[in-house]
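Asker: Residues per chain, in single letters:
Protein chains: 2
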Amino acid sequence: MTLLLYENPVSGNCYKVRLILALLGVEYERRELSVVDRSDRVQVLGGLNPSLTVPTVVLDDGRPLAESNAILWHFADGTEYLPRDSYERAQVLQWMFFEQYRHEPAIAVVRFWVAIAEDDPPPGVDIEVKREEGHAALKAMERHLGEREYLVGERFTIADIALYAYTHVAPEGGFDLEPYPALRAWLDRVAAQPGVVPITA
Amino acid sequence: MTLLLYENPVSGNCYKVRLILALLGVEYERRELSVVDRSDRVQVLGGLNPSLTVPTVVLDDGRPLAESNAILWHFADGTEYLPRDSYERAQVLQWMFFEQYRHEPAIAVVRFWVAIAEDDPPPGVDIEVKREEGHAALKAMERHLGEREYLVGERFTIADIALYAYTHVAPEGGFDLEPYPALRAWLDRVAAQPGVVPITA
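In order, the protein sequences belong to chains A and B.
The working numbering puts the first residue of the first sequence at 31, with every later residue one more than the last.
The working numbering puts the first residue of the second sequence at 31, with every later residue one more than the last.
This list has only true hints and no planted wrong ones.
Same chains, same names: a pair is fine if it fits in one copy or spans any two.
Capping the alpha-carbon separation at 25 Å, the derived lysine to aspartate or glutamate pairs in DMTMM-like fashion look like this: (1) K160 x E148; (2) K169 x E208; (3) K169 x D218; (4) K169 x E184.
It should be emphasised that the hints constitute simulated quantities derived from the structure, not laboratory data.
The structure presented is a predicted model; accordingly, all values stated were derived computationally and were not measured.
From just these sequences and the hints, can you work out the full model?
Answerer: This is the structure we're talking about:
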């Protein structure tokens, strides 16, 4: 069986998976699911992922795996994109949990409602509050990147992939990255890595 | 140096760390930070954790580590609480990312504003919306646990610890667990594990 990726082209979470697979030269098939009309999610993903989210992959042995950063880890482990040192591995996880808790729920969500969705945000999504939360996440990254080239261990890892995915398209959601020079230099550094494909690839 | 844990007694995220350290018999010192008055966070945690969150640990070699589930992974790796099989390890991460993205931001946040905080929730926190999101997370767990004893690999792992932390205190936030029999049986199973300490320990 070929690796199968349920995904959406505009999703940064899905881009993370496309990017690690491109870097590793792994072939796969794509199945596109809408991020706007989710009415087919139970039918397509019900047996694969209790959260019904994309990305979901079905590995070449038929077993499913979900959550973008868990998929990144699975493919990167044993490669140059995930350190072997146990403290550095824990730091990679620290940044990936930061991404899913502090960064994505603000920056990706604002981008979605500003640039992608066809409706107004539902109750419970306050765009201005999320914009402030997004800038707090960007500030935390800026402080960290002011003293180093990459997020962990001074080399390009899946921590950088996880945070690059939605940071580099944050301006689509109206986030001005001008106040974050170290972060912008890091974005350029990641984009210049050999084998990095764009989100549109 | 002794392992140092910056934490708060009511925080489920901090309880995860206390629980794995108790299971492994690791000694540590606690430093309590308030989850209500956060005015000392920059001073105490500024050099240790860009997110200024608890739990933050300082390892016995002086290096800091943050994000509860990254700390769980760091201590559990190489022990019985984290499988060696690469697919099972990825599944542990899948559930831990589910916890931080779908479960904690709903269930822990409702509990905080209902049972712990001394003020009303700020703009952007809609308790009723979060309550619905919390039940969606509990339903996903119920579906999964209806067919198995533990979240991953049919044994007790840090995926169970990560999700037990806020699930077992969800009723403090007004979540009725009556509709989730498989989840309730799993809560009992986790609580009965040798060495499990209560959140108040």
